[in-house]
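Student: Line order of the protein sequences matches chains S and E. Heads up: the first sequence begins at 1 in my numbering, then just goes up one per residue. Heads up: the second sequence begins at 1 in my numbering, then just goes up one per residue.
It cannot be assumed that every hint is accurate.
Identical copies go unnamed one by one, so any copy, or any two together, can satisfy a pair.
27 Å max Cα-Cα, derived DSS-like pairs, lysine-lysine [said to hold, decoys possible]:
#1 Lys-312 <-> Lys-82
#2 Lys-439 <-> Lys-56
#3 Lys-312 <-> Lys-335
#4 Lys-62 <-> Lys-323
#5 Lys-62 <-> Lys-439
#6 Lys-292 <-> Lys-119
#7 Lys-53 <-> Lys-82
#8 Lys-119 <-> Lys-82
#9 Lys-237 <-> Lys-95
#10 Lys-237 <-> Lys-119
#11 Lys-312 <-> Lys-119
Calculated from the structure, these hints are not laboratory results.
Given next are the chains, with one letter for each unit.
Number of protein chains: 2
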Amino acid sequence: MKEEVLRQIQEIIPKERILTKLEDLHAYSYDASFGEYLPELVIQPESAVEVSKILKLANEFKIPIYPRGSATSLSGGPLPVKGGIVLDMSQMRSKLIIDRENLLAIVSPGIKTAELHRKAEEVGLFYPPDPSSSQVSTIGGNLLENSSGPKGLKYGTTKEYVIGLEVVTPTGEIVRTGGKTVKNVTGYDLTRLIVGSEGTLGIVTEATLRLIPKPQARKTLLATFERVVDSGHAITKILASGILPAAMELMDNACIRAVENFSPSGLPVDAGALVIIEVDGHPLAIEEEIKKCEEICHEVGATSVRTAQNEKERQEIWSARRKVSPAITQAGPTKISEDATVPRSKIPEMMERLYQIRDKYQLHLVVFGHAGDGNLHPNIITDKRNIEEMKRVENAVSEIFEAALELGGTLSGEHGIGILKAPYMEMELGAAGLDLMRKIKEAWDPNNILNPGKIFPQPGQTKVVLTE
Amino acid sequence: MKEEVLRQIQEIIPKERILTKLEDLHAYSYDASFGEYLPELVIQPESAVEVSKILKLANEFKIPIYPRGSATSLSGGPLPVKGGIVLDMSQMRSKLIIDRENLLAIVSPGIKTAELHRKAEEVGLFYPPDPSSSQVSTIGGNLLENSSGPKGLKYGTTKEYVIGLEVVTPTGEIVRTGGKTVKNVTGYDLTRLIVGSEGTLGIVTEATLRLIPKPQARKTLLATFERVVDSGHAITKILASGILPAAMELMDNACIRAVENFSPSGLPVDAGALVIIEVDGHPLAIEEEIKKCEEICHEVGATSVRTAQNEKERQEIWSARRKVSPAITQAGPTKISEDATVPRSKIPEMMERLYQIRDKYQLHLVVFGHAGDGNLHPNIITDKRNIEEMKRVENAVSEIFEAALELGGTLSGEHGIGILKAPYMEMELGAAGLDLMRKIKEAWDPNNILNPGKIFPQPGQTKVVLTE
Numbered sequence: 001m002k003e004e005v006l007r008q009i010q011e012i013i014p015k016e017r018i019l020t021k022l023e024d025l026h027a028y029s030y031d032a033s034f035g036e037y038l039p040e041l042v043i044q045p046e047s048a049v050e051v052s053k054i055l056k057l058a059n060e061f062k063i064p065i066y067p068r069g070s071a072t073s074l075s076g077g078p079l080p081v082k083g084g085i086v087l088d089m090s091q092m093r094s095k096l097i098i099d100r101e102n103l104l105a106i107v108s109p110g111i112k113t114a115e116l117h118r119k120a121e122e123v124g125l126f127y128p129p130d131p132s133s134s135q136v137s138t139i140g141g142n143l144l145e146n147s148s149g150p151k152g153l154k155y156g157t158t159k160e161y162v163i164g165l166e167v168v169t170p171t172g173e174i175v176r177t178g179g180k181t182v183k184n185v186t187g188y189d190l191t192r193l194i195v196g197s198e199g200t201l202g203i204v205t206e207a208t209l210r211l212i213p214k215p216q217a218r219k220t221l222l223a224t225f226e227r228v229v230d231s232g233h234a235i236t237k238i239l240a241s242g243i244l245p246a247a248m249e250l251m252d253n254a255c256i257r258a259v260e261n262f263s264p265s266g267l268p269v270d271a272g273a274l275v276i277i278e279v280d281g282h283p284l285a286i287e288e289e290i291k292k293c294e295e296i297c298h299e300v301g302a303t304s305v306r307t308a309q310n311e312k313e314r315q316e317i318w319s320a321r322r323k324v325s326p327a328i329t330q331a332g333p334t335k336i337s338e339d340a341t342v343p344r345s346k347i348p349e350m351m352e353r354l355y356q357i358r359d360k361y362q363l364h365l366v367v368f369g370h371a372g373d374g375n376l377h378p379n380i381i382t383d384k385r386n387i388e389e390m391k392r393v394e395n396a397v398s399e400i401f402e403a404a405l406e407l408g409g410t411l412s413g414e415h416g417i418g419i420l421k422a423p424y425m426e427m428e429l430g431a432a433g434l435d436l437m438r439k440i441k442e443a444w445d446p447n448n449i450l451n452p453g454k455i456f457p458q459p460g461q462t463k464v465v466l467t468e
Numbered sequence: 001m002k003e004e005v006l007r008q009i010q011e012i013i014p015k016e017r018i019l020t021k022l023e024d025l026h027a028y029s030y031d032a033s034f035g036e037y038l039p040e041l042v043i044q045p046e047s048a049v050e051v052s053k054i055l056k057l058a059n060e061f062k063i064p065i066y067p068r069g070s071a072t073s074l075s076g077g078p079l080p081v082k083g084g085i086v087l088d089m090s091q092m093r094s095k096l097i098i099d100r101e102n103l104l105a106i107v108s109p110g111i112k113t114a115e116l117h118r119k120a121e122e123v124g125l126f127y128p129p130d131p132s133s134s135q136v137s138t139i140g141g142n143l144l145e146n147s148s149g150p151k152g153l154k155y156g157t158t159k160e161y162v163i164g165l166e167v168v169t170p171t172g173e174i175v176r177t178g179g180k181t182v183k184n185v186t187g188y189d190l191t192r193l194i195v196g197s198e199g200t201l202g203i204v205t206e207a208t209l210r211l212i213p214k215p216q217a218r219k220t221l222l223a224t225f226e227r228v229v230d231s232g233h234a235i236t237k238i239l240a241s242g243i244l245p246a247a248m249e250l251m252d253n254a255c256i257r258a259v260e261n262f263s264p265s266g267l268p269v270d271a272g273a274l275v276i277i278e279v280d281g282h283p284l285a286i287e288e289e290i291k292k293c294e295e296i297c298h299e300v301g302a303t304s305v306r307t308a309q310n311e312k313e314r315q316e317i318w319s320a321r322r323k324v325s326p327a328i329t330q331a332g333p334t335k336i337s338e339d340a341t342v343p344r345s346k347i348p349e350m351m352e353r354l355y356q357i358r359d360k361y362q363l364h365l366v367v368f369g370h371a372g373d374g375n376l377h378p379n380i381i382t383d384k385r386n387i388e389e390m391k392r393v394e395n396a397v398s399e400i401f402e403a404a405l406e407l408g409g410t411l412s413g414e415h416g417i418g419i420l421k422a423p424y425m426e427m428e429l430g431a432a433g434l435d436l437m438r439k440i441k442e443a444w445d446p447n448n449i450l451n452p453g454k455i456f457p458q459p460g461q462t463k464v465v466l467t468e
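Just chain S, with the same shape it has in the complex (with noise of 0.2 Å):
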């Protein structure tokens, strides 16, 4: 980086929030993918003015900037892969605010979701998007990654509750989008254009999100199946019920082992998928829901059906979809986790073709996921020194991206694209779809400084995991 901008730089933001040493620009050299680029330099800003500076200056002098919140982005989405200046948005956190009167919230980018669930809790109010990262993840990154998690189907995912956002555009303007209302149709909806933007077309630095009554009660059952397909038909007929569940969760038998594996806990190991069904809303209606659902999966054929009787035993099946993460990757160092996303209908299927593509490039394959709203997590474990292996992964990827989209499904259902599903974008969206992504984004940031090398393919790319 030229003394010049290093000088100017040095004018905006105190020396002590500039980073430059070796061992700090590796901290923020990598993500929950599994790339590593080295940044030229860290910044973090601790309001907007200071970040629309940065952002001029960075269109004076063409220099990448990567906004990061907590870097737990499966995707690659705070990768610094041209270098240049990361933007650590973890450290803008000065607001919280519980707008209770108004069912809001106002908050600095920094905050993490899960101290926005605990202070809303407090007042009996509710933020339904729960990424499993949301212990770690920043309100700023679930934002313009667009998170979600097990509670899409009934709650919808983190767009559904951005009502107004501060943001700095790509050439530096401080800008206000929506406001304080839920019902705005004044002008385009820049809002919800820029939750999910990956970072590549603002940087927010405040946000306004809608609350909801917390659900008074909840109820939750484990049922198992002998086959994947009849967990299918117990989705689908709860549905069709008329019953709205907060959460329906799928392992599959590779999953249910691994977590046995693990941590023996009694689960039968022999079933071909389990599923966890969460009801929630009034204790009366629940009641009566949860005994639906039950009675559902002994239609379909369950093996087992157990509800849990209180919140113990509510933790203790939870616990079996919480450890799955820990306990795949005890099969390898190296997880590469896609959320390939399908009409729920489509599951059964998509399943069969997800064991078909393990089967034919032999690798270990674990899926599990919400399979409420068809968002599957087909996790494949390996080890990215093995290049034999990889270039199988490789191929593997691309064709469970071809099942999807020829299921009617999507790339992407919550881990957005970065620069790992970058060549596959013209697959889903056309030449003519994805060319008027592009517009907006030369539009509105001629100089390519803002997150540059994510969402759209580079010239010549075609590799997904072996990008490097």
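Based on the hints, put chain E in the right spot on chain S.
Tutor: Below, chain E without anything else, positioned relative to chain S:
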């Protein structure tokens, strides 16, 4: 229109679907606002391919194109303000498919909103957006305007139910956005950018809509209050108690009097305000919830509270609300219906400001609206032939917008900007915010052929109601 253009149009569209007679053009010259503009030609396309070809031609010859559903817009959305061609999309109505397994509907743009309501409810499903024009309005119009209605509080707006679109872009490309899954983070959210874009960014030729299980039961009450401020307390207290009603509708004294004059049904003409509250969900849950709502209304000083004991009584309660529009138009031939929206807690203050504006300009102003989400409908009853009065209306409307923005609200909660609110866009969005929108429009529609003259203020445009 040039001979050559008409000849080429006739090659694309059969003659019987091209309207050129003056009486036909007149029929397409107005909407539910009070503007009137004659198009040069009306086309009734029946496929995306036809729309695409017309748009390509329009780009070649720089002809303005105005998409139109049932023209129930209150903001001038479909008016052909620069002449050119009206595309009557209400004839494109071949598809209305309910996909029960995936809780989806696939619909053509010309399908009426009420048709979708009925078809979904036949199989126990529910499409919540319910603009008061739903018996007449088309899904295509609802989407492009992001319509909502009374159920926005609990269920959100149209936008929350659109997950995929087939769209013809301003340059005539046929593109698919989103898909059949609720979770989709593959690139920018073009679906939600196009929904609410008022026909300036693309023409919807098919939509994939999310449905939810139909609520099993509902309960409705009508409460009256001496003062508007007390009704405001009832609303915020009910929400703070953990209940999320499906609707909370407010009518002020002038509204109550108008309805009682129009068709006497025993409403208390001295009441400052009347609130209709409807809860829906599980029968046992709502039984308890409606009791709690009654209690709260009494606590804050309601002068009367009546809960419907059966469907007939429920219809009676809602008929008071439904009579508002026909009742208030008795007072004058021109109705200026605004939809300024404020944070819920600011409703009493906004009502105060509205009455000050009414008194200052000596106008006939009544207020009703969707109080639960802060979406008020101040209506001014006037006569557009009375130029002197219209000047006062003009100033009053400006002050209504200013008041809404000062209280942290928005120009438009559900009617859209169209031509009537365009001059106020910068007041809400700032120059930089408006510029971001303009950049998208220019990048996608370089010849400005799609619904030109809408949303963005025209050079020198300062008037709101006196555009002609």
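Student: For each hint, tell me whether it holds in the structure or not.
Tutor: Hint check:
no. : hint                : verdict
1   : Lys-312 <-> Lys-82  : neither (48 Å within a copy, 67 Å between copies)
2   : Lys-439 <-> Lys-56  : both (21 Å within a copy, 19 Å between copies)
3   : Lys-312 <-> Lys-335 : neither (31 Å within a copy, 60 Å between copies)
4   : Lys-62 <-> Lys-323  : neither (45 Å within a copy, 61 Å between copies)
5   : Lys-62 <-> Lys-439  : both (19 Å within a copy, 21 Å between copies)
6   : Lys-292 <-> Lys-119 : between (33 Å within a copy, 25 Å between copies)
7   : Lys-53 <-> Lys-82   : within (21 Å within a copy, 42 Å between copies)
8   : Lys-119 <-> Lys-82  : neither (38 Å within a copy, 52 Å between copies)
9   : Lys-237 <-> Lys-95  : between (44 Å within a copy, 25 Å between copies)
10  : Lys-237 <-> Lys-119 : between (36 Å within a copy, 20 Å between copies)
11  : Lys-312 <-> Lys-119 : within (23 Å within a copy, 43 Å between copies)
Comparing the model with each numbered hint stated earlier shows that hints 1, 3, 4 and 8 do not hold.
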